[in-house]
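Student: Letter by letter, the chains look like this.
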Amino acid sequence: MTGPWWRIGWRNLGRNRKRTALTALGLAVGYIAVVFMVGWAEGISAELIENATSLVSGQIEIHDEEYRPERSLYDTIGGRDGTDVETLLRDITADEAVVAAAPRAYAGGLVSSGEATSAGSLMGVDPEREVALTRFLDPLVEGRLPVPGAYELVVGEEMARQLEVAVGDELVVVASAADGSMANDLYTIAGIYSTGLVEFDAATAVMPITDLQALVVLDPGRIHEIAVATADPAAAGATAGRLAAALGAEERAIAIAPWAELNPVLAEYISLADSLYWIFIVVIFAIASFGIANTMLMATFERRREFAVMLALGSSPGSIVGSVLYEAMAIGLVSLALGAAVTGPLMIWFYTAPPSLGWLYGNVTLQGALLTPTLRVGINVPAWTWATVGLILTALIAAFYPAVRAARVPPADTLSGL
Amino acid sequence: MRSTTIGLTVAALLAAAVPAAAQVDPLEIIDRVDRLLRGDSSRGVATMEVVTEHWERQMTMEIWSLGTDYSLVRLRAPQREAGTATLKAEADIWNYLPKVDRTIKVPASMMGGAWMGSHFTNDDLVKESRLIEDYDIELAFDGENPDGVAVWEFRLTPKPDAAVVWGSIEYRIRQSDDMPLWTGFYDEDGELVRTMEHGEFTEFGGRTVPGVMDVYPADKPDERTTIRYEELEFDVDLEPAFFSLRSLQRRR
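Here the protein sequences line up with chains Y and G, keeping their order.
Just so it is clear: in the first sequence, position 14 is 23 by our numbering, and no numbers are missing.
Just so it is clear: in the second sequence, position 25 is 27 by our numbering, and no numbers are missing.
Note that these hints are calculated values from the structure, not bench results.
Ideal placement from N, C-alpha and C gives every residue a C-beta, glycine not left out.
Hints are not guaranteed to be accurate.
[Said to hold, decoys possible] Partial pick of chain Y residues on the chain G-facing surface, computed with a CB cut under 8 Å:
| no. | residue |
| --- | --- |
| 1 | V181 |
| 2 | A187 |
| 3 | S190 |
| 4 | N193 |
Produce the complete structure using the sequences and hints provided.
Tutor: Okay, here's the thing in structure tokens:
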């Protein structure tokens, strides 16, 4: 970007520094707004996905292909014969993208204490593996994890409140067993968890998977689910595909579903948020472009006589247009530098150590995911690149009409004062 | 004098008309069948066989009932579950679990759940004998079954304010002896949900009643629950106090 027209354009910025500064500031604020909104929206999406997929469910879940959506007690992985759970877990964790995997079993039943009884879902987990995978049992609100074989369980905070029980109290658990009997036993509450998802906390009692299998008469090889955590939630779909091939999902009649399939509403919300970025960019720069157009129009009108002289001296109208556009581009670059200087450090700060907004909102639940409001931002390179391109384009498009008008100044009339 | 004559004439005309109209009074028949099957109180022993896709099991149970408000069922077999009991008192159901020696009240949200793993729901126990209270009853069919037995078929639709789970019930009763033969339960969309068949009409305690009852869920044709009475006596001496939580917990 050299040549006389570029230099003229650049120097013209200095003719009215206040105006230049204001115009550049206008564009820079627009840019900052876009970068910040995209970053924040991306941060919310990332937090939604992480929360929805690391609180209770994994990023990938493996079931018998018949299991969802009825979630029947009998549809265990591998059918009636069950499966070799340890080998299956080893095969799953062999994938490079898999961080952790844990087996689970479920049953429906009643949980009761004294007068109070509530319908509940019983969830059997491998406590050690579960805490490596999900967050809801670690840390517990109170108490500790249940020990296998000790008739212990943990319940949600809301269930404990409804049943008026505390750590150390006894609960009667009744469930329909796989042999048709009405299974029942006494358990001690070892701990209380809280996911913040009230419905889940009110309805789910968690016990060691071997204890649940013993209660509802399922063999140790019969589990309903393997939850899988992956390093990158965004790549869960690809990982699920790889696992399906590696495990031979089709021959074994198992279904391997990434979070986007398990929680389609969340997946839809994320893609909707993505498309909203474009609306941000268009709206903000459209507003900014009118500001630029106005300034450039005034600047070129002021310099009518100058353009007339240049034209009279033999400059082509094209080079007049060029000089005005170069000027606009220069403003754009200045704004970009200003915007980047402001957003860069802020983005890095918000990304690495997001300041909490808890004092403003409290906790929010959205699409089954718990949000702790922070000024967390996510990274979205394409959207930011488009914001940068958008800024320069805005400057150029806004300056185009003033530039054309400047090139059409009639030299003789203008110079004669008409 | 004259008005009395007219009055008498009208009364005589009415008297002549009434028997014809009352021949088939749905309410009266259903009520009669109901009373016949239940008596004021009863005690019996029955076996319940449940067949599902995944398992089959058989239970023996002792059953007491008093009016429409109270009943108590206690398992005698299988040994592992003996003593397990269900108490129904008015609209509530409690289960007694001998293994943990605890009584649990079935919460409202579980009233639609299976009772003892059978194809009966807890709600069936509560709602069993309030047909004439909860439903409008009309005669849908008066004639012969394909096998030549004269039957009435009644169509029961819930009264507007009745808290019931069925959209409608079809109830087929044998005309000769008021024996129920077949009952169809439909949901609100008119889809058949389950059917109940009565058979092996047997004399128990001086009354002839169905000795066997089969329930078939419509969506799982291979499944069924069969209840077969071994003993049954009516109008036994029972007090409401018998149907208390304390008596529920009494182990046999």
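Student: Name the hints, by number, that the structure is in violation of.
Tutor: Failing hints: none at all.
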